[in-house]
Amino acid sequence: EPEVTQTPSHQVTQMGQEVILRCVPISNHLYFYWYRQILGQKVEFLVSFYNNEISEKSEIFDDQFSVERPDGSNFTLKIRSTKLEDSAMYFCASSTGTAEAFFGQGTRLTVV
Amino acid sequence: AQSVTQPDIHITVSEGASLELRCNYSYGATPYLFWYVQSPGQGLQLLLKYFSGDTLVQGIKGFEAEFKRSQSSFNLRKPSVHWSDAAEYFCAVGPLNRDDKIIFGKGTRLHILP
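Sequence lines, in order, name chains R and E. Note that my numbering has the first sequence beginning at 1, numbered continuously upward. Note that my numbering has the second sequence beginning at 1, numbered continuously upward.
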């Protein structure tokens with residue numbers, strides 16, 4: 001069964017460093033998403049991406065965040081100058097646009 | 001504004017007992033509805049979904065959910081819980097439009113007593 005793959009599963013970075021979280025969506029999907037879950041809290045929408053541009057972004061998705069689809073298979077989330085409060089589980093998701101989104105297993109980001 | 005409410009932050013039930021987790025939503029129209037489960041430190045697993053048709057939907061692991069339009073609810077049920085059901089459960093809604101997003105509730109943590 002096709003699945004969304006995220007790498008790495010866990011990343012530790014120092015405050016102020018840049019990190020790139022990687023996702024390989026399901027191959028025939030056209031809509032891509034990033035969500036964030038701070039430990040013990042709800043899953044929050046960050047950004048959606050379609051046709052090589054951002055469709056929608058939340059207030060969380062400020063200038064330190066960016067997304068890119070550098071090739072035909074990867075979808076990345078870049079966080080510039082990480083802060084302690086960026087520590088969270090980050091989920092990538094993809095869909096065909098017919099409602100159901102498939103989620104990856106997440107990348108746990110720890111900023112120290 | 002679109003929102004999902006899960007009124008119970010924690011629920012504790014005994015193994016073998018029945019379970020009902022509540023979910024209410026606020027949306028412009030009848031959205032697509034989902035329940036996800038998350039074990040500690042793990043990702044999100046889709047339990048079941050409702051798009052249209054029969055308002056009682058069956059999911060994996062013996063779970064079912066009933067959509068009630070009049071109450072804007074989509075409660076999750078299981079007739080007899082197992083210790084392995086201990087996890088966080090998220091109700092989610094959307095999207096109606098192709099470029100819309102899924103919105104999650106805050107989650108309900110299920111504890112199982114032996």
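The set of hints was computed from the structure by calculation and includes no laboratory data. Because the structure is a prediction, the values reported are computed rather than measured. Glycine included, every Cβ here is placed at the ideal spot set by N, Cα and C. Just to be clear, a hint being listed does not mean it is correct.
[Unchecked claim] Derived lysine to any residue pairs resembling SDA-like cross-links, with alpha carbons at most 25 Å apart:
hint : chain 1 : residue 1 : chain 2 : residue 2
1    : R       : 57        : E       : 85
2    : R       : 42        : E       : 53
3    : R       : 42        : E       : 54
4    : E       : 61        : R       : 60
5    : R       : 57        : E       : 69
6    : E       : 106       : R       : 18
7    : R       : 78        : E       : 1
8    : R       : 83        : R       : 3
9    : E       : 49        : R       : 24
10   : E       : 49        : R       : 100
11   : R       : 78        : E       : 27
12   : R       : 42        : E       : 27
[What the hints assert, rightly or not] Chain E stretches covered by chain R per the calculated footprint, using a threshold of three residues with CB under 8 Å from any CB of chain R:
hint : segment
13   : 42-50
14   : 100-108
**Item:** Ascending list of hint numbers which this structure does not respect
**Value:** Hints 1, 2, 3, 4, 5, 6, 7, 8, 11 not satisfied by this model.
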